[in-house]
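Given only the sequences and the hints, what does the whole structure look like? Please build it.
There are 2 protein chains.
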Amino acid sequence: MAETPESERERIEEAGPAVVSGQMVEDTAEAVRGFLEGERVGEAVRALLTLHPADQADVVLDATGEERGALLEAMDAAAVAPVLEELEPEDAAEVARLLAPEDVASALDELAPDVAADILHALPSDQAEAALAGMSEAEEVIPLLQYPDETAGGLMSRVSGARADATAEMALDLLRLMASEERGATNVVFAVDDDGRPVGYVSIRRIALARPRALVADLMRPLQASVDTGADQEECARLVERYDLSELAVTNASGALVGVIDAEDLRDVAVAEASEDMFRMAGMGKERPLSSFRRSVRSRAPWLALNLLTTFAAAGVISMFESTIARVAALAVFLPVVAGQGGIGGTQTLTLAVRGMALGEIGARRGRRLLVREAALGVFNGAFLGALVALGAALWQGSPLLGLILGLAMFGNMIVAGVVGAGVPLALRRLGQDPAVSSAVVVTTATDVMGFLLFLGLATLAIDRLA
Amino acid sequence: MAETPESERERIEEAGPAVVSGQMVEDTAEAVRGFLEGERVGEAVRALLTLHPADQADVVLDATGEERGALLEAMDAAAVAPVLEELEPEDAAEVARLLAPEDVASALDELAPDVAADILHALPSDQAEAALAGMSEAEEVIPLLQYPDETAGGLMSRVSGARADATAEMALDLLRLMASEERGATNVVFAVDDDGRPVGYVSIRRIALARPRALVADLMRPLQASVDTGADQEECARLVERYDLSELAVTNASGALVGVIDAEDLRDVAVAEASEDMFRMAGMGKERPLSSFRRSVRSRAPWLALNLLTTFAAAGVISMFESTIARVAALAVFLPVVAGQGGIGGTQTLTLAVRGMALGEIGARRGRRLLVREAALGVFNGAFLGALVALGAALWQGSPLLGLILGLAMFGNMIVAGVVGAGVPLALRRLGQDPAVSSAVVVTTATDVMGFLLFLGLATLAIDRLA
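Listed in order, the protein sequences are those of chains A and B.
The numbering of the first sequence is this note's numbering, which starts it at 1 and goes up by one.
The numbering of the second sequence is this note's numbering, which starts it at 1 and goes up by one.
Source of the hints: derived by calculation from the structure; they are not laboratory data.
These numbers were taken from a predicted model, which means no experiment stands behind them.
It cannot be assumed that every hint is accurate.
All copies of an identical chain are treated as equivalent in the list; a pair is satisfied when it fits inside any one copy or across any two copies.
[Said to hold, decoys possible] Each computed SDA-like pair below joins lysine to any residue, with the alpha-carbon atoms no more than 25 angstroms apart:
1) Lys286 x Glu273
2) Lys286 x Leu359
3) Lys286 x Val41
4) Lys286 x Val372
5) Lys286 x Asp268
Given below as structure tokens:
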């Protein structure tokens, strides 16, 4: 690995402005690792810097602790900053801890203030203070530190609005004043009233193409939506998605414009929320594919323990019918069939409901319709699957009665699956809870328990004919 | 419901330019429904049009067939177009079928060509042809119809690039030429070489703030990535996400710039892909919360049927041990405990792997690390849960041996869960398959089968001491 062919190195040195292909990125990353293993740190850094910061961040994450230290030591603040920007704040903080406080400060100075604030939040407080003390742009970051990460305040960059009676030329000057493409470009100017409240917006495109003397009031479009600094990022993502905004205005308590959130940043939020929903449904906390062992254990252990309790509830139901099973052991054979089908049916409905709610597609009115509809689908699927399974079991075990009992239990359990799958997340939301959290555990417990009750209960009623 | 207080109606008529609040939207939608039920269609349309098109689309979707027909008849093409734009292409096509072909044509003329092409794709072919024949902008849409919906070609709008030796002023003129804000604003001009291949980009912001004589070559930044017209939308979304692009260049077979994809459109793709992953994992096709009954049945039936087969595989394993269960019926009680814990453990790992792959966080190198790590987590969690469950079962059933057997089976099954949960999606990907499809069914089948084999197998070995 320490060897890298000459041609490869030449290619890397020329690679900068070319169009990125996945293979090239892999090759370069491999070359960086080769240089690092050969302790040729200077060459490693040079190769690393030919990559896009997103790819650089991946290489840094994948490196061992020692390699990472060597890399960072050889990079200057201007080179470290874009890497920090690409990492999750927690990972960025971990990298920043390898640097001297003054280097952290210079790197943070290079970043957009909202990104710097997120990283400072993730650092231990003494290191955050040391870094902040060394920053020359501290006064832009400090106002953002008061807002939690996942609120509009934590996501926004500060902006000024243009008065509606300003001209296009003046609005362009305002943009120039705020400009510096490194800190996230705004493509919109907000128009504000006398009290600084946002009333409309003009795209920079529209300003650039307008006559210089045109009035902002004539160019602007009415504001679709705004949020206040305390609004949750999910709420922001929903508004941006729904109204197709490229930038979302943020106001303070008195309604005056204080900042703007770039829709691009919220795209990440919407995608991250989808991941979180999936994780919550599967019974996990926040976790990423190769986070630390301890974090993974912490993220999953509570749900594994909760699930253990609920499987014991299902076990309790079976235990009520132990004497029935002692007489007809074949009943035990079909336990996973009843439970498994109910579980997948409930999970299907649940997934639909949780996703629909997350995307704002299910209001209260549609919630009721969904419940009725999923119950009806349960009747339909239950009848179909019940008939199928009854036939299969009757042929296999040579007992039409056992088949009938299994079929009826499956029919009932699919209806339970539809009702519970839609009802649990709707009820959780009405109670002000997150509809995704632990709902899969509740739903599969319900289908396990009801399935076993129906199947073994019916079998107990007919035990004399079955045995 | 047919009554709407005077004050409410006044509010609705004034509502246009105000900042939208969720409650106002609900109230207005309610008012529209009231008007419709009272057959006051004119007022219904007027109230509807005070809403944002996204909210209008919701009201149209929620309306009964009859109400929908009445609403659409009273709206003109210019008013229908934004509603069509907000709907999914399939829903938009369903609405369009209620309109006369010439009205469909005028509505499609108002839309961005890529959106119009999507709706035409979703219409029955005779109606699509009739609509196309009536469109005055047909020549912009026809070239897009050759590309499937979910490819770069189907998502792009056509653009021209600026030569690198052009001036900022000329680039602005080019933008003016392409401009018409109704068809999706571009905030970037691509610079092309002599063969029309994209080599860089300049933001409109940079052009607007530059000296008019500045050269595009001096203003531009190197291109990060481009795709060809056949690239899958997932690939596009991944590039945009990874490199934080606001617009992605699309090239034809010879590498020349032919179009651009707005990152905003891909945000929806990334979120939709996350939903699709969730749906596929839960065993569903494409479906939305209140799609037609038939579509839901079709989306779920194949997976329910497949799952039925796999539960019968688990049943087959139990059936191998029927005589053991006949001697110790208490064994049946713990079947859902072994299967349930293995299932959730496997699903946790699987969710992590599928999401990580979808977000491009797991390459081949990390795939191997993930597999090792998840197996190790299985050992850890298995030891912990196994001990816990052994103790619980021993106390409950008064049999330390039964507890030990259950604990050992759980220990083994958690390791299986980790290996299979990571291994199945990695193997599916290596085989060129979608790692999400049906992987949950495979993983839970594996944990069911292995769990039952371990638990009942060990119990059979020790049956003389258990009975």
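Going through the hints against the structure:
In the homo-oligomer, the alpha carbons of Lys286 and Glu273 lie at most 25 angstroms apart both inside one protomer (11 angstroms) and across protomers (20 angstroms), since each shortest distance falls under that limit. Proximity of Lys286 to Leu359 under the C-alpha cut-off of 25 angstroms is found in both arrangements, the shortest distances being 20 angstroms within a copy and 15 angstroms between copies. For the identical chains of this complex, Lys286 and Val41 are neighbours neither inside a copy (34 angstroms) nor across copies (50 angstroms), given an alpha-carbon limit of 25 angstroms. With identical chains, the CA atoms of Lys286 and Val372 are at most 25 angstroms apart between copies only, with a shortest distance of 20 angstroms across copies and 33 angstroms within one.
Proximity of Lys286 to Asp268 under the C-alpha cut-off of 25 angstroms is found in both arrangements, the shortest distances being 15 angstroms within a copy and 23 angstroms between copies.
Going through the hint list in order, the structure does not satisfy hint 3, though it satisfies all others.
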